[in-house]
Amino acid sequence: MDARKLAEAHLEAWGSGDAEAVAATAATYADPDTGAPLAGEALAAHAAATLSRFRNARFDVERVTGDEGAAAVSWRLTADHREPYLGMPATGGAVAVDGVDLVTAGADGPHVRRTFDRLALAAALGHTARFTPGSDGTREFGVSARAATGRTERPGALVLTWLEIRDDAEAADVDLLSVEIVKSLRATRGFLGVTTFDVGGRKFTLSAFDRPESMRAVHARPHQRAMRRFFRSGLCTRVHTSVWYPASARDYARCPTCEQVVASGAACGCGWTPDDAPTL
2 MDARKLAEAH
12 LEAWGSGDAE
22 AVAATAATYA
32 DPDTGAPLAG
42 EALAAHAAAT
52 LSRFRNARFD
62 VERVTGDEGA
72 AAVSWRLTAD
82 HREPYLGMPA
92 TGGAVAVDGV
102 DLVTAGADGP
112 HVRRTFDRLA
122 LAAALGHTAR
132 FTPGSDGTRE
142 FGVSARAATG
152 RTERPGALVL
162 TWLEIRDDAE
172 AADVDLLSVE
182 IVKSLRATRG
192 FLGVTTFDVG
202 GRKFTLSAFD
212 RPESMRAVHA
222 RPHQRAMRRF
232 FRSGLCTRVH
242 TSVWYPASAR
252 DYARCPTCEQ
262 VVASGAACGC
272 GWTPDDAPTL
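With our numbering applied, the sequence shown corresponds to residues 2 to 281, in that order.
Treat each hint with caution, since some may be false.
[Said to hold, decoys possible] Cβ pair distances, simulated, as ranges:
| hint | residue 1 | residue 2 | range |
| --- | --- | --- | --- |
| 1 | Leu87 | Cys259 | 45 to 51 Å |
| 2 | Arg255 | Glu154 | 20 to 26 Å |
| 3 | Cys271 | Thr189 | 52 to 58 Å |
| 4 | Thr274 | Thr196 | 23 to 29 Å |
No lab work stands behind these hints, which were simulated from the structure alone.
These numbers were taken from a predicted model, which means no experiment stands behind them.
The C-beta atom is built at its ideal place from N, Cα and C for all residues, glycine as well.
Produce the entire structure from the sequences given, and follow the hints as far as they go.
Encoded structure:
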């Protein structure tokens, strides 16, 4: 069988949703997610995980070129995103991505190298890529987000939590829980805002409240569900939670006209007074 037929058979195995068939139609296989070529049981496990994340996969072949020794198949994949991928939570919707399978016919069977654009796939899932180094030897780097409420008073209490995560799948799970917690907090009167940031293997959350008594809002059902996941279901390896009260707080702004630095509540020489700004 020439390489073109081998390439088509391998792609059909993926389209069938059968991980064992995928492994049976390739002596070795590699794609951007494998890190190195896989074979046998390792390939079947990778295929099963991929097919679980992207279900009802449909490969539409756009072009097949090559000869008996080597072939290239250009395809477009359409599938349902049902499980986290690269830390991105499952969207539940359909996603499409283009790719190419390069297949070489060997004495031990076809060797497949699949290429596709993971950035394009992330964009199709509604994510924008940002590139940061993992560490520079002194600092670890990460990403952050902020959810404000529009309230501008100084916080009377801060709640700091962090969780240690195992992998991207667990990170996506924690993110989904965090979204539900923030939604519940935004509906409460004493909540001012929240900032989340991921650094290394930890996910941090810093929440602001107008006064200590308002922190009771943290114990709403979404937060209770998250705590049960940690204590009873094995979510994350470590959790820290603490409450902080501000000892002092100062705000400064620069006048856009005279560029004088002005303290909150004061005015510069030209009469400009800084607007109150969210603290989180």
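Verification of the hints:
1. Leu87 with Cys259: 45 to 51 Å: At roughly 49 Å between Cβ atoms, Cys259 and Leu87 fall inside 45 to 51 Å, so the hint holds.
2. Arg255 with Glu154: 20 to 26 Å: 22 Å, holds
3. Cys271 with Thr189: 52 to 58 Å: At 40 Å between Cβs, range violated.
4. Thr274 with Thr196: 23 to 29 Å: 26 Å, holds
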